[in-house]
Amino acid sequence: VSDQAIERERPVILAADDDEDILALIAFRLERSGYTVILARDGEEALALARDERPDLAVLDVMMPKLDGFELTRRLRTDEATSRMPIILLTARAQDADVQRGFDVGADDYLRKPFSPQELRARVQAILGRR
Amino acid sequence: VVGLLLCAVYAAVPTHFVVFRELVLYTVTEVGAVLAIVAGVALYRPVAPKAWLLIAAGLASISIGDLLFGVYEVIDRNPFPSPADAFYLAGYPCLAAGLVVAIRCQGRTEDRRALIDSAIIAVSAGLLAWAYIIQPAVSSDLTPFAAAVTSAYPIADIGVLAITLRFVMGSHWDAPALRLLVLGLFLTFVGDFVYQGDVLGGAGSNTVFVNTTLLLGVVVMGLAGLHRSMTALTAPTEGPGERAERPDALRFVLLAGACMVPPVVLAVQAIRGEKLFVPAVVTATVVLVALVGARFADITGRAYRSADREAVLSRYASALLAAEGEEELFAVARQAAIAVVGGRGVDIVRIGSGTGRAGDVVVAPVEVRGEVVAELVADADHAGLSRSRHSLATVATELALALEREGLLATERAAAAALAERNERLRELDRMKDQFVSTVSHELRTPLTSMIGYLEIVLEGEAGELNPEQKRFLEVVNRNSDRLNQLIDDILFVARVDAGKFSIEKEWTDLSKLAREAGESARGAAGRTGLDVRVSAHDELRVWADPVRLGQLLDNLLSNAVKFTPEGGVVSLDVAARGDNVRVEVSDTGVGIPEDEMTRLFERFFRASTGTAARGTGLGLQIVKTIAEAHGGTVSVASRVGQGTTFTIDLPMRSDGAEAAAR
Numbered sequence: 001v002s003d004q005a006i007e008r009e010r011p012v013i014l015a016a017d018d019d020e021d022i023l024a025l026i027a028f029r030l031e032r033s034g035y036t037v038i039l040a041r042d043g044e045e046a047l048a049l050a051r052d053e054r055p056d057l058a059v060l061d062v063m064m065p066k067l068d069g070f071e072l073t074r075r076l077r078t079d080e081a082t083s084r085m086p087i088i089l090l091t092a093r094a095q096d097a098d099v100q101r102g103f104d105v106g107a108d109d110y111l112r113k114p115f116s117p118q119e120l121r122a123r124v125q126a127i128l129g130r131r
Numbered sequence: 001v002v003g004l005l006l007c008a009v010y011a012a013v014p015t016h017f018v019v020f021r022e023l024v025l026y027t028v029t030e031v032g033a034v035l036a037i038v039a040g041v042a043l044y045r046p047v048a049p050k051a052w053l054l055i056a057a058g059l060a061s062i063s064i065g066d067l068l069f070g071v072y073e074v075i076d077r078n079p080f081p082s083p084a085d086a087f088y089l090a091g092y093p094c095l096a097a098g099l100v101v102a103i104r105c106q107g108r109t110e111d112r113r114a115l116i117d118s119a120i121i122a123v124s125a126g127l128l129a130w131a132y133i134i135q136p137a138v139s140s141d142l143t144p145f146a147a148a149v150t151s152a153y154p155i156a157d158i159g160v161l162a163i164t165l166r167f168v169m170g171s172h173w174d175a176p177a178l179r180l181l182v183l184g185l186f187l188t189f190v191g192d193f194v195y196q197g198d199v200l201g202g203a204g205s206n207t208v209f210v211n212t213t214l215l216l217g218v219v220v221m222g223l224a225g226l227h228r229s230m231t232a233l234t235a236p237t238e239g240p241g242e243r244a245e246r247p248d249a250l251r252f253v254l255l256a257g258a259c260m261v262p263p264v265v266l267a268v269q270a271i272r273g274e275k276l277f278v279p280a281v282v283t284a285t286v287v288l289v290a291l292v293g294a295r296f297a298d299i300t301g302r303a304y305r306s307a308d309r310e311a312v313l314s315r316y317a318s319a320l321l322a323a324e325g326e327e328e329l330f331a332v333a334r335q336a337a338i339a340v341v342g343g344r345g346v347d348i349v350r351i352g353s354g355t356g357r358a359g360d361v362v363v364a365p366v367e368v369r370g371e372v373v374a375e376l377v378a379d380a381d382h383a384g385l386s387r388s389r390h391s392l393a394t395v396a397t398e399l400a401l402a403l404e405r406e407g408l409l410a411t412e413r414a415a416a417a418a419l420a421e422r423n424e425r426l427r428e429l430d431r432m433k434d435q436f437v438s439t440v441s442h443e444l445r446t447p448l449t450s451m452i453g454y455l456e457i458v459l460e461g462e463a464g465e466l467n468p469e470q471k472r473f474l475e476v477v478n479r480n481s482d483r484l485n486q487l488i489d490d491i492l493f494v495a496r497v498d499a500g501k502f503s504i505e506k507e508w509t510d511l512s513k514l515a516r517e518a519g520e521s522a523r524g525a526a527g528r529t530g531l532d533v534r535v536s537a538h539d540e541l542r543v544w545a546d547p548v549r550l551g552q553l554l555d556n557l558l559s560n561a562v563k564f565t566p567e568g569g570v571v572s573l574d575v576a577a578r579g580d581n582v583r584v585e586v587s588d589t590g591v592g593i594p595e596d597e598m599t600r601l602f603e604r605f606f607r608a609s610t611g612t613a614a615r616g617t618g619l620g621l622q623i624v625k626t627i628a629e630a631h632g633g634t635v636s637v638a639s640r641v642g643q644g645t646t647f648t649i650d651l652p653m654r655s656d657g658a659e660a661a662a663r
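So the protein sequences, as listed, match chains Z and U.
With this note's numbering as the guide, the letters of the first sequence map in order to residues 1 to 131.
With this note's numbering as the guide, the letters of the second sequence map in order to residues 1 to 663.
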């Protein structure tokens, strides 16, 4: 998977959120920073895109229709094709237990809404640069 | 008293005033006794006057016999048998019939114990009568008719004796009148037996004794008829039911003695060398053995039934405990009543239910808190009723107790159900509130995320250069978006505290470091207004606390101070150890808080009147207080209007669990 990704000109990032404006915001910020962003409006679409496109990283909202971010993360982790893909969760939830749950299902990082687009970029770069 | 005097006179008058003595005195006394009984009946009106009237008739018949006998004696002729004997003998059935009526009226016909016991004594007495009166009479040189009349006396005596014993043993005879009646009857038996012994022995030595005893017996019976308690003879009484028999030494001695009669008769005859009455003794013995057997069967049957009823009642008691609801209790009690009497014909009828049947008698009322709510009824002629009366009363009493308990339980259950329902509603409200908080959190933050995110991009110039005025205005938008975000956080915090879902995660935390970080972020906000934020926190200060919450506490206090302090002012934060505590002091040179508003400072959404210009959520201090108290600490405030305010937080350095975590 990673060999395939490295050959790409620009790293591909999957962004999933049921709010169009937020999705556009993520896409704007990350594309400006040199990434290709593919978009999903719900959990199932995100799962399908992740399997088909093998993105280098996923930014997933927790509260999404059809499949929530936690369950989506869990499924991505159990699938051989996406098990090592870095995942950043975005959520409007504020409870610490939710943060813990995000890490428990296998997320790499976590951002609370409202988030700063610059901070998201920095986190993405930190993860992808690390690899 | 008159009768007793007459008796004494009779006994005292010398024998040669025959006419006066035998005819006048004796007859007058006896007629007086008869009239006394009749007068008693007229006066006290007993339930069944027949009983007393039969006794009076018996005595009247005997007195006629005595009169005739007296006449014979006066003319000094003693024919035997004579018409006097006919009247004498007619008297006994009358007495017996009177007693039988009494036993019937008292409702004691079912007492088999008394029946068997009196039969045992009567059989023994019959054997004695046979051996010493009838047999000698039959074998003597009397004509067959004379022998039959002679034999008739002991037979009649024994008959009445048996019924008297039956009455004494099985019936209620506590009343003075009844005791007198029984005494009179026994005096008659004693006189009769002594007289008969005399006649056969051919001696007249006891004549005065015999006649006086007989007369006394009649007088005593007359007295009995005059006593006001004479109505008790025929008054219905409550039977003993099937209660276990009490040990009764006298009765045992009597019965044992009665059973000893046959061997004693044989022994006496053998010693005297007389002819043995083997067939009579054997017959009597067989009858006695049969009666003792019947008595034994009665006792064991009684014990068996008693144990049976005991078991029924015990099962009933546990069934009552298990039953729920009045209907079920009544059904259980009904079954128990049927089991107790061993068949149908009993029922428990609720008062006012209109289901009672004609011909039922009330056996026992079911009384709950002084009110009869139901009645245990039975067919009036129910066979098993008298012996289960006691157990049926127990059924009714236990039902009453169970109904009372049921009433209490129903009240309790209703209260518990209401409480459970209210709890469920509260839980539902709680769930709705949680759901609401979660939804609000998500729904408010989603648009804010776009607002704050796009603003950042615009302010960074990613969407083209901004002129200074545009930039300044957008920064106002940005600041207020942040404020709105903070407000949402604060409201969610308070909502979580209200829902009891606020918890802290303690660990060893350097308070000095937290203070420096808080000062740093406050300076960012204060810099815009030219405030000086000073932090005095140098040495490491380890505290067992939740670092996130303590940071929130410091942020809240500092942002508060910054908000209420005018340009050029000073906000200072000091943290220092004080014994086992750490003290956090946040002072400002701000507007201050009026004294009368100090107590309301920690109320939700309260804002001091001096802070009108400042923007806040009105929740900050409540959050500070909640966090401090969750750590076992306290918050205090000192302020002077126009000079400034100081908040002081004292926190214990270590609390529960600190030692375990330190290892």
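It is possible that part of the hints are untrue.
Partner residues aside, some chain Z positions facing chain U, computed with beta carbon under 8 Å [what the hints assert, rightly or not]:
(1) A27
(2) E31
(3) R32
(4) T36
(5) D42
(6) F115
(7) P117
Some but not every residue of chain Z turned toward chain U, in silico, with C-beta under 8 Å [as the list claims (entries may be wrong)]:
(8) D21
(9) I22
(10) L25
(11) S33
(12) L39
(13) R41
(14) A92
(15) D109
(16) Y110
(17) P114
(18) Q118
(19) R121
Straight line, CA to CA, 20 Å or less: simulated SDA-like cross-link-like pairs of lysine to any residue [said to hold, decoys possible]:
(20) Z/K66 / U/E443
(21) U/K563 / U/N485
(22) U/K625 / Z/D98
(23) U/K625 / U/L492
(24) U/K506 / Z/V99
(25) U/K501 / U/D430
(26) U/K433 / Z/D98
(27) U/K471 / Z/D98
(28) Z/K66 / U/K506
(29) U/K501 / Z/S116
(30) Z/K66 / U/R334
(31) Z/K66 / U/S438
(32) U/K506 / Z/Q100
(33) U/K471 / U/R483
(34) U/K501 / Z/Q100
Hints were generated in silico from the structure; no laboratory data involved.
Just so it is clear, CB atoms sit at the ideal spot from N, CA and C, and this is done for glycine as well.
Going down the list of hints, with the structure as the test:
1. Interface restraint check: Z/A27 against chain U, minimum CB-CB distance 12 Å, threshold 8 Å, status violated.
2. With 8 Å as the threshold, the beta carbon of Z/E31 stays out of range of chain U, its nearest partner Cβ sitting at about 11 Å, so the hint is violated.
3. The beta carbon of Z/R32 is positioned within 8 Å of a beta carbon in chain U (closest approach about 7 Å), and the interface hint is therefore held.
4. Against a cut-off of 8 Å between C-beta atoms, the interface hint on Z/T36 is violated, since the closest Cβ of chain U lies about 18 Å away.
5. The interface hint given for Z/D42 is broken, as the beta carbon of that residue sits about 15 Å from the closest beta carbon of chain U, more than 8 Å.
6. Taking 8 Å as the C-beta cut-off, the interface hint given for Z/F115 holds, the closest approach to chain U being about 7 Å.
7. Hint status for Z/P117 relative to chain U: holds, with the closest Cβ pair at about 5 Å, below 8 Å.
8. Taken as an interface hint, Z/D21 checks out: its beta carbon lies about 4 Å from the nearest beta carbon of chain U, inside 8 Å.
9. The criterion of a C-beta within 8 Å of any C-beta in chain U is met by Z/I22, whose closest approach is roughly 6 Å, and the hint holds.
10. Because the beta carbon of Z/L25 sits about 5 Å from the nearest beta carbon in chain U, less than 8 Å, this interface hint is met.
11. For Z/S33, the interface hint is violated, the least distance from its beta-carbon to any beta-carbon of chain U being 10 Å, above 8 Å.
12. For Z/L39, the shortest C-beta to C-beta distance to chain U is roughly 15 Å, which exceeds 8 Å, and the interface hint is violated.
13. Annotation: Z/R41 was flagged as interfacial toward chain U, and the flag is violated, the nearest CB pair being 14 Å apart, outside 8 Å.
14. Interface hint status for Z/A92: upheld, as the beta-carbon distance to the closest one in chain U is roughly 4 Å, under 8 Å.
15. A hinted interface residue such as Z/D109 counts as satisfied when its beta carbon comes closer than 8 Å to some beta carbon of chain U; here the least separation is about 17 Å, so the hint is violated.
16. At about 14 Å, the closest approach between the beta carbon of Z/Y110 and any beta carbon in chain U exceeds 8 Å, and the interface hint on this residue is violated.
17. Interface restraint check for Z/P114: the shortest CB-CB distance to chain U comes to about 4 Å, inside 8 Å, so the restraint holds.
18. Residue-level restraint check for Z/Q118 holds (minimum Cβ-Cβ distance to chain U is 7 Å; threshold 8 Å).
19. Because the closest C-beta pair between Z/R121 and chain U is about 11 Å apart, greater than 8 Å, the hint is violated.
20. Our distance criterion of 20 Å between C-alpha atoms is met by Z/K66 and U/E443, whose separation comes to about 18 Å.
21. Restraint check: the Cα-Cα separation between U/K563 and U/N485 comes to about 17 Å, which is no more than 20 Å; the hinted pair holds.
22. The straight-line distance between the Cα atoms of U/K625 and Z/D98 is roughly 25 Å, outside the 20 Å bound, and the hint therefore fails.
23. This hinted pair checks out: U/K625 and U/L492 have alpha carbons roughly 16 Å apart, not beyond 20 Å.
24. Only pairs whose Cα atoms come within 20 Å are accepted, and U/K506 paired with Z/V99 is accepted, the gap being roughly 17 Å.
25. Simply put, U/K501 and U/D430 have alpha-carbon atoms about 11 Å apart, close enough for the 20 Å limit, and the pair holds.
26. Distance hint between U/K433 and Z/D98 is fulfilled; the C-alpha atoms sit about 18 Å from each other, no more than 20 Å.
27. Between U/K471 and Z/D98 the CA atoms are separated by roughly 36 Å; this puts the pair beyond 20 Å, and the hint is violated.
28. Our distance criterion of 20 Å between C-alpha atoms is broken by Z/K66 and U/K506, whose separation comes to about 37 Å.
29. Proximity of U/K501 to Z/S116 is assessed by CA-CA distance (about 28 Å); at most 20 Å being required, the pair is judged violated.
30. Among the hinted pairs, Z/K66 with U/R334 is inconsistent with the structure: their alpha-carbon atoms are about 63 Å apart, more than 20 Å.
31. For the hint linking Z/K66 to U/S438, the alpha-carbon distance of about 18 Å falls within 20 Å, and the restraint holds.
32. Restraint check for U/K506 and Z/Q100: the C-alpha separation of about 16 Å stays at or below 20 Å, so the hint holds.
33. With a C-alpha separation of about 18 Å, the suggested pair U/K471 and U/R483 falls inside the 20 Å cut-off, and the hint holds.
34. With a C-alpha separation of about 16 Å, the suggested pair U/K501 and Z/Q100 falls inside the 20 Å cut-off, and the hint holds.
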